[in-house]
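Undergrad: Start from the sequences, fold in the hints, and give me the full structure.
Chain by chain, the residues:
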Amino acid sequence: EAGVVQSPRYKIIEKKQPVAFWCNPISGHNTLYWYRQNLGQGPELLIRYENEEAVDDSQLPKDRFSAERLKGVDSTLKIQPAELGDSAVYLCASSLLAGGRGEQFFGPGTRLTVL
Amino acid sequence: QQQVKQSPQSLIVQKGGISIINCAYENTAFDYFPWYQQFPGKGPALLIAIRPDVSEKKEGRFTISFNKSAKQFSLHIMDSQPGDSATYFCAASRSSNTGKLIFGQGTTLQVKP
Numbered sequence: 001e002a003g004v005v006q007s008p009r010y011k012i013i014e015k016k017q018p019v020a021f022w023c024n025p026i027s028g029h030n031t032l033y034w035y036r037q038n039l040g041q042g043p044e045l046l047i048r049y050e051n052e053e054a055v056d057d058s059q060l061p062k063d064r065f066s067a068e069r070l071k072g073v074d075s076t077l078k079i080q081p082a083e084l085g086d087s088a089v090y091l092c093a094s095s096l097l098a099g100g101r102g103e104q105f106f107g108p109g110t111r112l113t114v115l
Numbered sequence: 001q002q003q004v005k006q007s008p009q010s011l012i013v014q015k016g017g018i019s020i021i022n023c024a025y026e027n028t029a030f031d032y033f034p035w036y037q038q039f040p041g042k043g044p045a046l047l048i049a050i051r052p053d054v055s056e057k058k059e060g061r062f063t064i065s066f067n068k069s070a071k072q073f074s075l076h077i078m079d080s081q082p083g084d085s086a087t088y089f090c091a092a093s094r095s096s097n098t099g100k101l102i103f104g105q106g107t108t109l110q111v112k113p
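So the sequences go chain by chain: A and B.
Residue numbering for the first sequence follows my numbering, beginning at 1 and increasing consecutively.
Residue numbering for the second sequence follows my numbering, beginning at 1 and increasing consecutively.
Worth flagging that the hints you see were computed from the coordinates, not collected in a lab.
You may find that some hints are simply not true.
To be verified - Below, in silico cross-link-like pairs of lysine-lysine (BS3-like), each with a Cα-Cα straight-line distance of 25 Å or less:
#, chain 1, residue 1, chain 2, residue 2
1, B, K100, A, K62
2, B, K42, B, K112
3, B, K15, B, K58
4, A, K78, A, K15
5, B, K68, B, K112
6, B, K100, B, K68
7, B, K57, B, K71
8, B, K68, B, K15
9, B, K112, B, K58
10, A, K78, B, K42
11, B, K42, A, K11
12, A, K16, A, K71
13, B, K42, B, K100
14, B, K100, A, K71
15, B, K100, A, K78
Claimed, not checked - Not everything, but these chain B residues come out facing chain A in the computed CB check (under 8 Å):
#, residue
16, K15
17, G16
18, G60
19, F89
20, K100
21, G104
Here a beta-carbon is modelled for each residue, glycine too, at the ideal position from N, C-alpha and C.
TA: Next comes the structure, spelled out in structure tokens:
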């Protein structure tokens, strides 16, 4: 069974440029999470989806970050414009059970470097 | 109150030794405490988890000890192996807050052959 797929794996951009990350969760997993992991820190939740509905986006910096999961399967996280402080690893995770229950399976992440 | 504090930041253990990582939390509403293992370039993977109705859970060489009154829990890795070298994160969540994991800062474990 394929795990959570993320692309690209690495991205280097200049500040003020836009960037997008893509995630395909494990087949059948209706709950999808985006986390940000700063260097030497644990992941921090940015947004959680139940199918196509964002049910927890309280930690998402909405002035520059946006996310979508139009058909309730894959998802895109966008930053526009990027700032130096956005350099981090962006992790996508999915879980089988609704309501945030059940094990969260993480993808390998996208390492973003903003110059 | 949302924090989970993890220590030590780094740990070096000889092969065959016991690795111990500690976490403390403040929010008494937390009722799910997983430990994740992360290798370089990979996402975190669930290692073992515990709920507060038990004081200990063992899976192979990995054991979680849970002290509800002290609001602390720890991961013990018995007979540590070089392949255990990774970063370990504790986390906590509330069932009523539907899966929002609050992670500790991580512990980098190195097991020397």
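Undergrad: For every hint, state whether the structure bears it out.
TA: Status of each hint after checking the structure:
For the hint linking B:K100 to A:K62, the alpha-carbon distance of about 19 Å falls within 25 Å, and the restraint holds. Taking the CA atoms of B:K42 and B:K112, the gap is near 21 Å; set against the 25 Å cutoff, the hint holds. The hinted pair formed by B:K15 and B:K58 meets the criterion: a straight-line CA distance of about 20 Å does not exceed 25 Å. A hinted pair counts as satisfied when its Cα atoms are at most 25 Å apart, and A:K78 with A:K15 qualifies at roughly 14 Å.
Restraint check for B:K68 and B:K112: the C-alpha separation of about 33 Å exceeds 25 Å, so the hint is violated. Restraint check: the Cα-Cα separation between B:K100 and B:K68 comes to about 20 Å, which is no more than 25 Å; the hinted pair holds. Taking the CA atoms of B:K57 and B:K71, the gap is about 16 Å. The hint holds against a cut of 25 Å. A threshold of 25 Å between alpha carbons decides the hint, and for B:K68 with B:K15 the separation of about 31 Å lies outside it, so the pair is violated.
For the given pair, B:K112 sits about 24 Å from B:K58 by alpha-carbon distance, which is consistent with the 25 Å threshold. With a C-alpha separation of about 21 Å, the suggested pairing of A:K78 with B:K42 holds against the 25 Å cut-off. Between the alpha carbons of B:K42 and A:K11 the distance comes to roughly 16 Å, so the proposed pair stays at or under 25 Å and holds. As the CA atoms of A:K16 and A:K71 are separated by approximately 29 Å, the hinted pair breaks the 25 Å bound.
For the hint linking B:K42 to B:K100, the alpha-carbon distance of about 21 Å falls within 25 Å, and the restraint holds. Among the hinted pairs, B:K100 with A:K71 is consistent with the structure: their alpha-carbon atoms are about 23 Å apart, no more than 25 Å. A threshold of 25 Å between alpha carbons decides the hint, and for B:K100 with A:K78 the separation of about 21 Å falls inside it, so the pair holds. Annotation: interface hint on B:K15 violated; nearest CB of chain A at approximately 26 Å, more than 8 Å.
Hint on B:G16 is violated. Least Cβ distance to chain A is approximately 28 Å, over the 8 Å limit. At a threshold of 8 Å, the smallest CB-CB gap from B:G60 to chain A is about 17 Å, leaving the interface hint violated. For B:F89, the suggested interface contact is upheld, since its CB lies about 5 Å from the closest CB of chain A, less than 8 Å. A least Cβ separation of about 5 Å between B:K100 and chain A falls short of the 8 Å threshold, and the interface hint therefore holds.
Among the interface hints, the one on B:G104 holds; its C-beta lies about 6 Å from the nearest C-beta in chain A, closer than the 8 Å criterion.
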